[in-house]
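Q: One line per chain: the protein sequences are A and B, in this order. At the far end of the first sequence sits residue 477, using the UniProt record's numbering, and the numbering has no gaps. At the far end of the second sequence sits residue 477, using the UniProt record's numbering, and the numbering has no gaps.
A portion of the hints provided could be inaccurate.
Same chains, same label: a pair holds when it works inside one copy or across any pair of copies.
Straight-line C-alpha distance at most 20 angstroms; calculated EDC-like pairs for lysine to aspartate or glutamate [claimed, not checked]:
1) Lys53 to Asp171
2) Lys393 to Glu404
3) Lys389 to Asp402
4) Lys389 to Asp26
5) Lys392 to Asp26
6) Lys42 to Asp171
7) Lys445 to Asp213
8) Lys405 to Asp26
9) Lys53 to Asp213
10) Lys42 to Asp26
11) Lys328 to Asp92
12) Lys393 to Asp382
13) Lys84 to Glu56
14) Lys405 to Glu22
15) Lys162 to Glu254
16) Lys35 to Glu22
17) Lys29 to Glu404
18) Lys392 to Glu404
19) Lys445 to Asp214
20) Lys392 to Asp402
21) Lys321 to Asp51
22) Lys197 to Glu229
Just so you know, these hints were derived from the structure itself, not from any lab.
Protein chains: 2
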Amino acid sequence: MKKILLFTSISLLMLACNQKKEKIIDSNKLSTEEKKDSTNIKTLFNSALMDGKSYEWLRDLTTNIGGRLSGSPEAAQAVIWGEKLMNEVGLDSVWLQPVMVPHWVRGEKEIATYTTNGTQKNVPICALGFSVATPKSGILAEVIEVKSLEEAEALGNKMEGKIVFFNRPFDNTLINTFRAYGGCVDQRVQGATVCGKFGAKGVIVRSMTNAVDDYPHTGTMSYGNLPKEKHIPTAAISSRAANILSDDLKKNPELKFYFKQSCETLPDAPSFNVVGEIKGTETPENIFVVGGHLDSWDLGDGAHDDGTGIVQSLEVAYLFKKNNIKPKNTIRVVFFMNEENGTRGAKKYAELAKLNKENHIGGLESDAGGHTPRGFSIDANDSNTDLLKSWKKLLAPYGLHDIEKGGSGADIGPLKGENVTLVGYRPDSQRYFDYHHTSTDTFDKVNKRELELGSASMASIVYLMDKYLYNDTPVKQ
Amino acid sequence: MKKILLFTSISLLMLACNQKKEKIIDSNKLSTEEKKDSTNIKTLFNSALMDGKSYEWLRDLTTNIGGRLSGSPEAAQAVIWGEKLMNEVGLDSVWLQPVMVPHWVRGEKEIATYTTNGTQKNVPICALGFSVATPKSGILAEVIEVKSLEEAEALGNKMEGKIVFFNRPFDNTLINTFRAYGGCVDQRVQGATVCGKFGAKGVIVRSMTNAVDDYPHTGTMSYGNLPKEKHIPTAAISSRAANILSDDLKKNPELKFYFKQSCETLPDAPSFNVVGEIKGTETPENIFVVGGHLDSWDLGDGAHDDGTGIVQSLEVAYLFKKNNIKPKNTIRVVFFMNEENGTRGAKKYAELAKLNKENHIGGLESDAGGHTPRGFSIDANDSNTDLLKSWKKLLAPYGLHDIEKGGSGADIGPLKGENVTLVGYRPDSQRYFDYHHTSTDTFDKVNKRELELGSASMASIVYLMDKYLYNDTPVKQ
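One chain only, chain A, in its complex shape:
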């Protein structure tokens, strides 16, 4: 045996031998009730990892339907797909909530190019959502590079007839990449508002990513209150192309950039939120929402954004049913429509909840990708926040250490209220902006185990919230 071991990859074997049985949690430190919870949580994880359905659901959605921008035929297909799937999982009731959504279309593939030092360079760009088209012949203009809205604003009329190029990169020293995104996305959203005002001819924006690569990242933009005649075409350019253009501008400040896009905003289109629920056994009038968004951008297949959130949300209900966990409150799974460019589905859902005097006591949203679990972000009153944080000891063994106060999500956000506990699922963020809103957001970027661990993480916190939140007092908003 010894001799055999000498010839093997000892490090791995050592790990194995030292810890043959995985000691998930030190049960001596738990109360009787916590031990029961710990067992139930382990059951949910085992079930997700051995019998999870989310990965195959996601494969189906992303490869057979693909990208599903609001108003598109694919979004309509996704609604049918979602309703059918919820029925297959056997939810107690499933229905569609009609909602009118914006209907922006990209049109033909965008073209961008410039010539400097005798060399013509083709530039990977894509129109931003809600942007207007260029004239059919495209636009050609000199470029002014800026790093912020303030810098652009200060240019004033100097930008007239020019293309303004926003090129402030992500701050890669921020460990949470969503914060880096938050530090840059104003350029994408508001760039055209600032520059349209002063008569710029167009706007190009560095793609929102930590990486230096060749993929333009789309996303929504706005013209604010600008009158229509001041709406100027706006596009994202890949981060590598942004670096190269910036270098070229230093050498040749008068170079002319050409781009052409044919996108347009059509009249609003009819669509739906897809809703299904497991009725609560004790207080069915109290509702927990678990959801993600069904729409996606059009460039990729909407795998991490937010196919993973959709299938994980449904898997929460699937895991409850499979393991015969009967929630005392109603668990409602919602596939929200139109998170990406309008959040109309979220608003409609909240509006109907109010209209129907529904009693929402909490929500959980998964819209930060399908990577390995890290924790949850809590938007709730202090006592409920503390309660959720106290579950760290039960959840940390599954990698869920980061359970802190913070935002929840765009789709459940409108349900906010003093006694409503909203939670955002927070997987590891390091790779998210490699794929976000690009052509590379495809099924092959999702790891089966990471996805399933996410489903189980979500199911576990829903199990705990259902059991412990509002335990003593009936809740009425």
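Knowing the structure of chain A, use the given hints to seat chain B on it.
A: Same frame as chain A, now just chain B:
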């Protein structure tokens, strides 16, 4: 502004607006010295994320040299590459440690096939390291499926002339995938010893992976004390092929499996550990080793196993130098040779350390892939273990929550001693066995930020160990 926000991806913006500045750590809870440490650790992370070199080093190693099995021309190239790189980084001294290594070669691509129900199926297999070849014409035999060494042992002479098929899969409910590996790898390592004894004709082993896919995973095996004439050919088959074969055997227990491989073990070959160091400013006679292994299996490019460990180890030294952190003890970077099939480099290193009366006070090994950081595993005496665990508050903001007692690594393991603090870097393990020892262990599977966060995590714990371990007493083994 409000109107603009309505049209944007509100969830992400909310996150951003709530937390514009990343609050890495609550500095009110730190002592003056800890604040200084916290600042230095942040500097190391910033530096790795903004100016890290590890990703480009890894690209070079994996794409220009590729897989580098001990004794191969590529392993020899990797030694030259490593020595050159250490010199470029500007270590105080760089040298090679000669070591003789096993020299096993795969030969021609393996072939496996069987026919059942009139259909011929080609099976993805690969020879296991140290396996003998089949006869030139291959072997053809009936198959007996077993799930364990015990089950095989119990078969006794019934396996004579048969191929024994080990098919116990990973336990996917284990959160740490290394534990699942540890629960299965005995089949790969010892299967041939058990079956050769009873006259089996060959052994095939289910690949060591959590996934169900088409890639055979190689790895080392052993014939234990069996005489040469009982050495039988041994191969890994892909997990999907294992499932299919198992199904087919249920329907047709007499099907005959054919495989052919031409691998062989040549005489030991000369090779080297690559060693470089930064001399300590106060107690240079005390040495901390930081390392990974330079060799890899031949099927892929050895990216996660262990190219990432190599480049991260060197990046520790690079980050120290770049940020003018002068260790009081000597920091020695070692690219160990032959971890995969022999750990001869590790043994030689420890042997020379003893011979030269070197004073090793600790070591850090990275050989668990280049994924997002999770923590460290500590093999040390109780007081040093407690000290390292007390650094959680400084390291947790970077995702390093799992700092626990456990094994360290195969290459630094031989340095173990009462006053030696050995640490294994532990990144997230979920994706590791998708790539481990297969053709898919290539550069594109490594994420730049995850790799760099690992380098910075390692540099941070080396910084703390250098500063605080053995602070009061001079160490002599």
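Q: All hints, please: hold or fail.
A: Against the structure, the hints come out as follows:
1. Lys53 to Asp171: Between copies only: 18 angstroms across chains, 37 angstroms inside a chain, cut-off 20 angstroms.
2. Lys393 to Glu404: Close inside one copy (14 angstroms) and across copies (15 angstroms); limit 20 angstroms.
3. Lys389 to Asp402: both (9 angstroms within a copy, 18 angstroms between copies)
4. Lys389 to Asp26: both (18 angstroms within a copy, 17 angstroms between copies)
5. Lys392 to Asp26: Answer is both; intra-copy 13 angstroms and inter-copy 19 angstroms each pass.
6. Lys42 to Asp171: between (38 angstroms within a copy, 14 angstroms between copies)
7. Lys445 to Asp213: both (16 angstroms within a copy, 15 angstroms between copies)
8. Lys405 to Asp26: between (26 angstroms within a copy, 14 angstroms between copies)
9. Lys53 to Asp213: between (33 angstroms within a copy, 17 angstroms between copies)
10. Lys42 to Asp26: within (13 angstroms within a copy, 32 angstroms between copies)
11. Lys328 to Asp92: Classified as within: same-chain Cα gap 14 angstroms, cross-chain 67 angstroms, threshold 20 angstroms.
12. Lys393 to Asp382: Within one copy only: 19 angstroms inside, 23 angstroms across.
13. Lys84 to Glu56: within (15 angstroms within a copy, 47 angstroms between copies)
14. Lys405 to Glu22: Classified as between; 14 angstroms across copies, 30 angstroms inside a copy.
15. Lys162 to Glu254: Within one copy, since 11 angstroms is at most 20 angstroms while 77 angstroms is not.
16. Lys35 to Glu22: Cα proximity of Lys35 and Glu22: one copy only (16 angstroms, versus 36 angstroms across).
17. Lys29 to Glu404: Only across copies: Lys29 and Glu404 sit 17 angstroms apart there, 22 angstroms inside one copy, limit 20 angstroms.
18. Lys392 to Glu404: Both: 10 angstroms inside a chain and 17 angstroms across chains, each within 20 angstroms.
19. Lys445 to Asp214: both (17 angstroms within a copy, 17 angstroms between copies)
20. Lys392 to Asp402: For Lys392 and Asp402, both the intra-copy (8 angstroms) and inter-copy (13 angstroms) Cα distances are at most 20 angstroms.
21. Lys321 to Asp51: Close inside one copy (12 angstroms), not across copies (50 angstroms); limit 20 angstroms.
22. Lys197 to Glu229: Within one copy only: 10 angstroms inside a chain, 86 angstroms across chains, cut-off 20 angstroms.
Figure legend: structure checked against the earlier numbered hints; every hint is met.
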